[in-house]
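Protein sequences, first through last, are from chains A and B. So in my numbering, spot 111 of the first sequence is number 111, and the numbers just go up one at a time. With positions in the second sequence counted from 1, the corresponding number in my numbering is that position plus 1000.
One or more hints might be untrue.
[Said to hold, decoys possible] Computed cross-link-like contacts, PhoX-like style, restricted to lysine-lysine with a CA-CA straight-line distance of at most 25 Å: (1) B:Lys-1016 to B:Lys-1099; (2) B:Lys-1070 to B:Lys-1016; (3) B:Lys-1070 to B:Lys-1003; (4) B:Lys-1104 to B:Lys-1070; (5) B:Lys-1104 to B:Lys-1003; (6) A:Lys-57 to B:Lys-1070; (7) A:Lys-65 to B:Lys-1070; (8) A:Lys-69 to A:Lys-57; (9) B:Lys-1099 to A:Lys-57; (10) A:Lys-71 to A:Lys-18; (11) A:Lys-18 to A:Lys-69; (12) B:Lys-1104 to A:Lys-57; (13) A:Lys-17 to A:Lys-65; (14) B:Lys-1070 to B:Lys-1038; (15) B:Lys-1104 to B:Lys-1038; (16) B:Lys-1099 to A:Lys-69; (17) A:Lys-57 to A:Lys-17; (18) B:Lys-1099 to A:Lys-71.
None of these hints come from the bench; they were simulated from the model.
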Amino acid sequence: EAQVTQNPRYLITVTGKKLTVTCSQNMNHEYMSWYRQDPGLGLRQIYYSMNVEVTDKGDVPEGYKVSRKEKRNFPLILESPSPNQTSLYFCASSLGPPSRDQPQHFGDGTRLSIL
Amino acid sequence: AQKVTQAQTEISVVEKEDVTLDCVYETRDTTYYLFWYKQPPSGELVFLIRRNSFDEQNEISGRYSWNFQKSTSSFNFTITASQVVDSAVYFCALSEGDKIIFGKGTRLHILP
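Please construct the entire structure, taking both the sequences and the accompanying hints into account.
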């Protein structure tokens, strides 16, 4: 089954404790992306990747890191999480970028709470 | 800056009524793409439709239809004969180079 898998689905942690949210897709997609969803703000793009070893900032990259060492995986790293990073996070993938008319396939989301 | 405006934060209609969700966008690009996504109460995000800036033909898919008007920079979404299962948050989105900009979403309640 074609899917984007995020782990964990839920995480409660404390300020400053490094965490990683994993994202994996099995569709051989080139483009992968991370979003955060906050009430009243909709979805905002954090980082995206056009292909292996190619990553770029989205609109809200501060406090986040990503890597794309393999085509299927695109982990989101919070080196020193803070309470303002409490949010619902989505990973997505597509054949190509939005500029090439490619719709995103989304994971089920990860709800992070930073205390 | 490019942006997407969904002015309707929340809409409630009675089942079987028609409802239109508005989306207005701003861009300086001559080539761009517009998308609609649905987020039902279960939380997943589901792709509904895409439209490129050169194709102003309206599209109908069952009870769903989309009206793209370049002259007014709008890409509105209409649900005909709404059903309770249409209750969800709907997002409009615009491509910005290799990035994508989402609107803040419209929460639609279909009342039985």
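Hints violated by the structure (numbers, ascending):
1, 2, 6 and 7
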